[in-house]
Amino acid sequence: MKYWRVKLDPLFEQNLRGISSQTAKTKLDMKIRDLRIDPCVGKQLPPYNHLWEIRIDKKYRLYYEIWEKQQVILLKAFYPRRLQKRYLRRRAKSILAPLT
Amino acid sequence: MSLVLVPSTTIRLAEIFPHLTEGELERLRKTINLMDEKIFTPVIESSDKEEAIEQELYRYTFYLSQAFIPILPKLIDWFKQPKVIIDFYDFFRGEVKEKVFNRYSRRLIISALNVAEEHDRYVSKLLSNIGEFVTLIGKIGSEAYFRTFAKTSLAMVVVFLAMNRKPGTVKDLSQVVKKYVDELDPFIATFQVFLEPELAPLRKKTSETDVEKAKELRGSLFEILES
Numbered sequence: 000m001k002y003w004r005v006k007l008d009p010l011f012e013q014n015l016r017g018i019s020s021q022t023a024k025t026k027l028d029m030k031i032r033d034l035r036i037d038p039c040v041g042k043q044l045p046p047y048n049h050l051w052e053i054r055i056d057k058k059y060r061l062y063y064e065i066w067e068k069q070q071v072i073l074l075k076a077f078y079p080r081r082l083q084k085r086y087l088r089r090r091a092k093s094i095l096a097p098l099t
Numbered sequence: 000m001s002l003v004l005v006p007s008t009t010i011r012l013a014e015i016f017p018h019l020t021e022g023e024l025e026r027l028r029k030t031i032n033l034m035d036e037k038i039f040t041p042v043i044e045s046s047d048k049e050e051a052i053e054q055e056l057y058r059y060t061f062y063l064s065q066a067f068i069p070i071l072p073k074l075i076d077w078f079k080q081p082k083v084i085i086d087f088y089d090f091f092r093g094e095v096k097e098k099v100f101n102r103y104s105r106r107l108i109i110s111a112l113n114v115a116e117e118h119d120r121y122v123s124k125l126l127s128n129i130g131e132f133v134t135l136i137g138k139i140g141s142e143a144y145f146r147t148f149a150k151t152s153l154a155m156v157v158v159f160l161a162m163n164r165k166p167g168t169v170k171d172l173s174q175v176v177k178k179y180v181d182e183l184d185p186f187i188a189t190f191q192v193f194l195e196p197e198l199a200p201l202r203k204k205t206s207e208t209d210v211e212k213a214k215e216l217r218g219s220l221f222e223i224l225e226s
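Respectively, the protein sequence lines represent chains A and B. In terms of numbering that gives the first Met the number 0, the first sequence is residues 0 to 99. In terms of numbering that gives the first Met the number 0, the second sequence is residues 0 to 226.
What the hints contain is simulated information worked out from the structure, not anything from laboratory work. Be a bit skeptical, because a hint or two may be false.
Lysine-lysine pairs mimicking DSS-like chemistry, simulated, CA-CA at most 25 Å apart [said to hold, decoys possible]:
1) B:Lys214 - A:Lys42
2) A:Lys58 - B:Lys178
3) A:Lys1 - B:Lys214
4) A:Lys57 - B:Lys177
5) B:Lys177 - A:Lys30
6) A:Lys42 - B:Lys204
7) B:Lys203 - A:Lys30
8) A:Lys58 - B:Lys124
9) A:Lys68 - B:Lys214
10) B:Lys212 - A:Lys68
All chains should be modelled from the sequences, with the hints used to inform the complete structure.
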């Protein structure tokens with residue numbers, strides 16, 4: 000079986016360092032292993048035909064590009080779903096509310 | 000996500016749409032009742048829910064346009080308020096927690112509601128520039144998008160009705176909802192890339208030189224994190 004090489008975009012690395020959930024990172028690591036075998040397990044995102052997406056842990060999305068000739072997967076971003084960001088903000092607000 | 004179409008005594012249309020006239024509300028009520036009789040109830044009663052949803056899709060989109068096109072400008076104004084969407088989905092989450100006792104089905108429906116809410120929040124943002132929205136949908140593939148949207152919406156309306164009328168069917172329906180929501184998800188990801196400023200660099204394909212220069216991942220991701 001031929002494995003694809005995986006490369007990291009600086010934005011992906013930056014996203015990764017900003018996420019504290021160990022579970023999400025472990026699931027991401029497992030998903031990368033799957034992508035090395037078959038990069039097309041995710042979904043292509045027209046009109047951005049160069050871009051692919053796969054859901055991680057229901058709370059995050061991994062965006063990547065497939066470079067077929069070079070047999071490379073370029074991980075572009077690891078980004079929370081919009082709702083996740085909102086929930087975090089709301090939870091922070093509700094925790095602070097009784098204090099104010 | 001057209002969940003307003005759930006015919007219920009607990010959700011009063013006048014409260015959801017305070018800016019509609021009595022005539023407009025009455026017309027909306029009539030269309031919803033007709034949809035209930037012709038579409039929602041037969042889907043709940045059918046033995047193959049997914050097939051029934053696919054079969055009723057054309058009729059559903061027809062009634063949907065009948066219900067909403069006359070009040071579209073008012074509806075868009077309403078839909079642009081993020082609080083409306085948040086309150087709306089919070090209400091439905093509460094209903095699910097109260098009425099669905101099977102943990103697996105409850106998890107599927109709540110997860111579907113989260114996806115639907117994310118979809119609606121992006122669409123409400125996109126609606127502030129209709130021209131841009133229409134262009135984006137055209138590029139995504141309008142037929143595929145609207146079809147996926149309509150069947151997800153129909154499945155969700157039906158699952159909410161089934162919670163009260165025929166709880167035994169919720170398990171089957173929640174699996175259909177999950178399948179459709181998974182189909183809707185890539186469209187939402189596209190909206191995210193289109194709208195989130197932090198993801199702007201993703202809209203353009205990386206140059207070959209940058210790919211060559213990029214750091215290669217060898218082994219586990221955790222080795223990178225520790226370095």
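Status of each hint after checking the structure:
1. B:Lys214 - A:Lys42: 24 Å, holds
2. A:Lys58 - B:Lys178: Holds. Lys58 of chain A to Lys178 of chain B sits at ~17 Å (cutoff 25 Å).
3. A:Lys1 - B:Lys214: 20 Å, holds
4. A:Lys57 - B:Lys177: 12 Å, holds
5. B:Lys177 - A:Lys30: 20 Å, holds
6. A:Lys42 - B:Lys204: Between Lys42 of chain A and Lys204 of chain B the Cα gap is close to 16 Å, so the pair holds against 25 Å.
7. B:Lys203 - A:Lys30: Satisfied, since the Cα-Cα distance of roughly 24 Å is no more than 25 Å.
8. A:Lys58 - B:Lys124: Cα-Cα ~21 Å, so holds.
9. A:Lys68 - B:Lys214: At roughly 18 Å apart (the allowed maximum being 25 Å), Lys214 of chain B and Lys68 of chain A satisfy the hint.
10. B:Lys212 - A:Lys68: 16 Å, holds
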